Amino acid sequence: MIHYSSYSYFNICIYIYNPLCYIIKNISKTIGIVVYILKQAANTGVIAIKISTKGRYGLEAVLYLAIQTPAGSESLKNIAQARDISENYLEQIFIKLKKKGIVESIRGAQGGYKLAREPKDITVGEVIRPLEGSLAPVACVKAGKDKKSCKRYEFCATRVLWNKLADELEYVADTVTIGDLAAMHAGRAALTALNAQAALTARNAGAPPIKQTDYMI
Amino acid sequence: MKLSTKGRYGLRAMLDLAVNSDAEHVSLFSIAKRQEISGKYLEQVFSALRNANLVKSVKGAQGGYVLANDPSSIKIGTILRVLEGNIDIVDMDPGFVSLAEDDISYCIRVGVWEKMNERINKLFDSTSLEDLVREHKKMNGSQESMYYI
Chain X
1 MIHYSSYSYF NICIYIYNPL CYIIKNISKT IGIVVYILKQ AANTGVIAIK ISTKGRYGLE
61 AVLYLAIQTP AGSESLKNIA QARDISENYL EQIFIKLKKK GIVESIRGAQ GGYKLAREPK
121 DITVGEVIRP LEGSLAPVAC VKAGKDKKSC KRYEFCATRV LWNKLADELE YVADTVTIGD
181 LAAMHAGRAA LTALNAQAAL TARNAGAPPI KQTDYMI
Chain E
1 MKLSTKGRYG LRAMLDLAVN SDAEHVSLFS IAKRQEISGK YLEQVFSALR NANLVKSVKG
61 AQGGYVLAND PSSIKIGTIL RVLEGNIDIV DMDPGFVSLA EDDISYCIRV GVWEKMNERI
121 NKLFDSTSLE DLVREHKKMN GSQESMYYI
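If you read the sequences in order, they're chains X and E. Residues in the first sequence are numbered from 1 upward in steps of one, following our numbering. Residues in the second sequence are numbered from 1 upward in steps of one, following our numbering.
Derived by calculation from the structure, the hints in this document are not laboratory data. Keep in mind it's a predicted model, so treat the numbers as computed, not measured. Glycine included, every Cβ here is placed at the ideal spot set by N, Cα and C. Where hints are given, some of them may not hold.
[Stated by the list, open to error] PhoX-like mimics (lysine-lysine), calculated; alpha carbons at most 25 Å apart, straight line:
no., chain 1, residue 1, chain 2, residue 2
1, E, Lys33, X, Lys50
2, E, Lys138, X, Lys151
3, E, Lys115, X, Lys151
4, X, Lys164, E, Lys115
5, X, Lys151, E, Lys137
6, X, Lys164, E, Lys59
7, X, Lys50, E, Lys137
[Stated by the list, open to error] Quick look at which bits of chain X chain E covers, simulated, 3 or more residues with Cβ under 8 Å:
no., segment
8, 73–80
9, 104–111
[To be verified] Non-contacting residues of chain E with respect to chain X, defined by C-beta distances greater than 10 Å in every case (computed):
no., residue
10, Ser30
11, Gly60
12, Ser105
13, Gly111
14, Trp113
15, Leu123
16, His136
17, Asn140
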C-alpha cells in the first residue's frame with residue numbers, strides 16, 4: 001500500500017536521505033548492482049494499473065447491497081451466490097471493507113452484511129482503494145517517502161505523465177458514487193422490464209417477436 | 001493497459017530518442033546505456049515501434065534510429081497502444097462481457113471502467129512526445145545530454 005506522506009515529511013527525507021544514500025551507495029555498490037538486476041528481472045508487469053478481481057468483485061458486492069437491501073442485511077452466502085463469487089474470497093473483501101466503514105456486519109441467525117453508509121455517501125474509490133492497495137500506476141507516483149522507489153525520480157519526465165494518469169483515475173473514483181451506480185441500475189432494470197413487457201404485448205398481438213436489441217441502449 | 005515494463009521502458013526510450021534527436025541518429029546501445037535498460041529488450045521494443053512506423057532505422061556500423069515524425073505529432077497513446085495493445089483498466093475478455101454480464105456488471109463497466117478508460121485515452125492522446133521533451137528539459141536543463149528520463 002502506498003502512503004501519501006505530507007510535504008514536510010518529504011522535505012525531511014531529502015535532507016537526511018540523500019547524504020545517507022551517498023555513503024551507503026559507495027559501500028554497497030556491488031551488492032546494489034546485483035540486487036538491481038534481480039529487481040529488474042522481477043519487475044516485469046508487477047506495477048500494474050489493472051484493477052484486479054478483488055476491486056471488481058468488491059464493487060459488485062457493494063452495489064448489490066445498495067440495490068437489494070436498502071434497509072436490512074444480506075448473508076455472505078447469499079451475496080456470494082448472487083454474484084457468483086467464492087464465499088472465502090468475498091469474506092476477505094468484506095473484512096477489508098468493514099475496516100474502512102463501508103459495510104457493517106449484523107450478528108445472529110438473520111445476520112450478514114449491510115452498507116454502513118448511504119450509497120450516495122460511498123465513492124467508488126472508497127471501495128476500490130482498500131482492496132487494490134492504491135490507484136497509483138507506478139510506485140513513484142505522488143510519492144513522498146516513496147521517492148526511493150525509483151532512483152531516476154529526480155530527473156524523470158515520464159513520472160509527470162503517470163501523475164496525471166493517477167489524477168484522471170482518482171477523479172473518476174472520487175466522483176462516482178455507489179448511489180450513482182444504483183440509479184443507473186434502476187434505470188436499466190426499468191428498461192429490461194419495458195423490453196419484456198413490449199415483447200409480451202407484441203406476441204399477444206400476433207406480431208413477430210421483437211429483437212432484444214431494438215429497445216436496448 | 002497493464003503498465004508493464006514494455007510500455008514504460010518503450011516510452012522512456014522514445015523520449016530519449018526525441019531528446020537526443022539533434023544527432024543524426026541514435027544507437028540502441030546508447031539508449032540502453034542511458035536508460036539502463038537491456039539492449040536485447042530494447043531491440044524487441046524498437047522492432048515493434050519500427051513496424052508501427054514510429055521510428056526509422058538507419059543501417060550500418062554507425063547506425064541507429066530516428067523518430068519517423070516530428071515529436072509534437074507523436075502521441076503517447078499511439079506509442080503505448082503499439083507496445084501494450086488496447087488501453088483498458090480491467091482485463092475484460094470481450095466474450096466474457098457479453099455472456100456473463102448482468103445489470104450490476106453492466107453498470108459498473110459503463111459507470112466506472114469505461115469512464116476511466118475514456119479519460120486515460122484522452123490524456124494519452126492529447127499528450128505528445130514533445131510535451132514530455134519540454135518537461136524533461138525543465139527538469140534537467142536544456143544543455144545537458146539526457147542521462148535520466
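Do the hints match the structure? See the list:
In summary, the hint linking lysine 33 of chain E to lysine 50 of chain X is not supported, as the alpha carbons are separated by about 30 Å, beyond the 25 Å threshold. A C-alpha spacing of about 18 Å is found between lysine 138 of chain E and lysine 151 of chain X, which places the hinted pair at or below 25 Å, so the restraint holds. A distance of roughly 33 Å separates the Cα atoms of lysine 115 of chain E and lysine 151 of chain X; the hinted pair therefore is violated under the 25 Å criterion. Between lysine 164 of chain X and lysine 115 of chain E, the direct Cα distance comes to roughly 16 Å. Compliance with the 25 Å bound is thereby established for this hinted pair.
The straight-line distance between the Cα atoms of lysine 151 of chain X and lysine 137 of chain E is roughly 18 Å, inside the 25 Å bound, and the hint therefore holds. In summary, the hint linking lysine 164 of chain X to lysine 59 of chain E is not supported, as the alpha carbons are separated by about 37 Å, beyond the 25 Å threshold. At roughly 31 Å between alpha-carbon atoms, lysine 50 of chain X and lysine 137 of chain E are farther apart than 25 Å, so this suggested pair is violated. Against chain E, the segment 73–80 of chain X contributes 0 residues with a C-beta closer than 8 Å to a partner C-beta. That does not satisfy the three-residue criterion, and the hint is violated.
Three residues within the 8 Å Cβ limit are the bar, and the segment 104–111 of chain X against chain E gives 0, so the coverage statement is violated. For serine 30 of chain E, the non-interface assignment is confirmed: its Cβ lies about 17 Å from the closest Cβ of chain X, beyond the 10 Å cut-off. Distance to chain X confirms glycine 60 of chain E as a non-interface residue, since its nearest Cβ pair spans about 30 Å, more than 10 Å. For serine 105 of chain E, the condition that its CB be more than 10 Å from all CB atoms of chain X is violated, with the nearest at approximately 7 Å.
For glycine 111 of chain E, the requirement that its beta carbon stay farther than 10 Å from each beta carbon of chain X is not met, with the minimum near 5 Å. Against the 10 Å criterion, tryptophan 113 of chain E falls within the reach of chain X, whose nearest CB is about 7 Å from its own CB. A Cβ of chain X approaches the Cβ of leucine 123 of chain E within 10 Å, the least distance being about 5 Å, so the stated non-interface status is violated. Separation of histidine 136 of chain E from chain X is inadequate, the least Cβ-Cβ distance of about 4 Å not exceeding the 10 Å criterion.
The claim that asparagine 140 of chain E lies off the interface is violated: its Cβ sits roughly 5 Å from the closest Cβ of chain X, which falls inside the 10 Å cut-off.
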